[in-house]
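Engineer: Sequence:
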Amino acid sequence: MSQAFSTPIETVEGALAGQWRKPFNMLLEQSYDNHTSLHDDETAKKLGFRAGPIEGPTHFSQFGPLGVARWGNRFLEEGCLSAHYRNMVMEGEEVRAFLEAAPGADHGRIWAVKRDGTEVLKGTASVGSKAPPSALDQRLTELPPLEHPVILRDLKLGYKAPRTHVRMDLNQHMGALYPFSLSDKLKKITETSPWYSDGKGSPWGRAIIPFEMISVLLQHVARQDGIKLRGPAIGLFADQEIRLIEGPLFVGEDYEIEREVVALSGSRRTESYWTRTRVYKPSTGALAATMLLNSATLKESYAPYQTEFAQLYPGAR
Numbered sequence: 015m016s017q018a019f020s021t022p023i024e025t026v027e028g029a030l031a032g033q034w035r036k037p038f039n040m041l042l043e044q045s046y047d048n049h050t051s052l053h054d055d056e057t058a059k060k061l062g063f064r065a066g067p068i069e070g071p072t073h074f075s076q077f078g079p080l081g082v083a084r085w086g087n088r089f090l091e092e093g094c095l096s097a098h099y100r101n102m103v104m105e106g107e108e109v110r111a112f113l114e115a116a117p118g119a120d121h122g123r124i125w126a127v128k129r130d131g132t133e134v135l136k137g138t139a140s141v142g143s144k145a146p147p148s149a150l151d152q153r154l155t156e157l158p159p160l161e162h163p164v165i166l167r168d169l170k171l172g173y174k175a176p177r178t179h180v181r182m183d184l185n186q187h188m189g190a191l192y193p194f195s196l197s198d199k200l201k202k203i204t205e206t207s208p209w210y211s212d213g214k215g216s217p218w219g220r221a222i223i224p225f226e227m228i229s230v231l232l233q234h235v236a237r238q239d240g241i242k243l244r245g246p247a248i249g250l251f252a253d254q255e256i257r258l259i260e261g262p263l264f265v266g267e268d269y270e271i272e273r274e275v276v277a278l279s280g281s282r283r284t285e286s287y288w289t290r291t292r293v294y295k296p297s298t299g300a301l302a303a304t305m306l307l308n309s310a311t312l313k314e315s316y317a318p319y320q321t322e323f324a325q326l327y328p329g330a331r
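Numbers in our numbering are just positions in the sequence shown, counted from 1, shifted up by 14.
Hints are computed from structural coordinates only; laboratory data are not their basis.
Computed from a predicted structure; not experimentally measured.
A few of these clues could be false.
[Stated by the list, open to error] Straight-line alpha carbon distances no greater than 20 Å define the calculated PhoX-like cross-link-like pairs of lysine-lysine that follow:
id, residue 1, residue 2
1, K242, K170
2, K202, K36
3, K201, K36
4, K242, K174
[Unchecked claim] What follows is a list of derived Cβ distance ranges for each label pair:
id, residue 1, residue 2, range
5, M104, S281, 21 to 27 Å
6, T155, E314, 24 to 30 Å
7, T178, N101, 29 to 35 Å
8, R123, E322, 40 to 46 Å
9, A116, E260, 24 to 30 Å
10, A330, R177, 27 to 33 Å
We treat Cβ as the ideally placed atom computed from N, Cα and C, and that holds for glycine.
Using the sequences provided together with the hints, build the complete structure.
Structural biologist: Below is the structure:
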């Protein structure tokens, strides 16, 4: 049996550290609701960013070798990465991932930084169901309320989308939201593994889906959910957690997903809706994984925002 990763790992001030990596932006051609996304350079510049950023979950791949180094293959079966995205990364910039966990602990702290020390993300990693609350479990208890929704005014807390079938084959194009295949991603992924493409060498006898591509598996059908947003408007991932419960998730396997709106929050620049996606095995009905995602929509990207705000909330600021 082959090893999951060959990534060299160092210990830096008590934390496991991976290598410096330059992730690729594979969403330059992403589109939704008939318009480009924040990951398009021209669109990003119009909103005041230097260029189209790397999608947040791309960085999750750099924690795979660290999680396995700390907890073995258990991390690929019941591991959890829970992160608040702090600063955007542009293609060409280098990123390094860190994991710090006490000996014998089933949880620890994670973070990633750029060469100049800028924090890319921070959060927690854990294994198993008995780990303490994750970074986003805690964050959900501290959210500022969405007091004056405009873009999200039609969205109700507790909304559940109908169950949807999803699957990821090696050469399956994942659609307009993710204009590439798993095979395309594996040519550019920051941490390679033989287990991602050839299951013969894995402990499960099947190829497994990388952590970052679990996000793609669950989100590529997101526009079919019936979640009501005013638009066109541009959004980004602000917080994300992927938790394996009865994993790994496998390439070429059929799953069913169910998405629920579990929180609404806001900031000076954004209106956010938090969804929890549950992944089920159709053959047994077992819960295989979950994803918690904060989708933040930029107020300034919605052209009639100020006009509608004044109409909806006269006298408010």
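Engineer: Next step is simple, just say for each hint if it's right about the structure.
Structural biologist: To see whether the hints hold, each was checked on the structure:
1. K242 <-> K170: Holds - the C-alpha atoms of K170 and K242 are around 9 Å apart, at most 20 Å.
2. K202 <-> K36: 10 Å, holds
3. K201 <-> K36: Holds, at about 13 Å.
4. K242 <-> K174: 12 Å, holds
5. M104 <-> S281: 21 to 27 Å: With a Cβ separation near 22 Å, M104 and S281 satisfy 21 to 27 Å, so the hint holds.
6. T155 <-> E314: 24 to 30 Å: Given range 24 to 30 Å: holds, Cβ gap about 29 Å.
7. T178 <-> N101: 29 to 35 Å: 32 Å, holds
8. R123 <-> E322: 40 to 46 Å: Distance hint for R123, E322 holds at roughly 41 Å.
9. A116 <-> E260: 24 to 30 Å: About 26 Å separates the Cβ atoms of A116 and E260, which means 24 to 30 Å holds.
10. A330 <-> R177: 27 to 33 Å: 38 Å, violated
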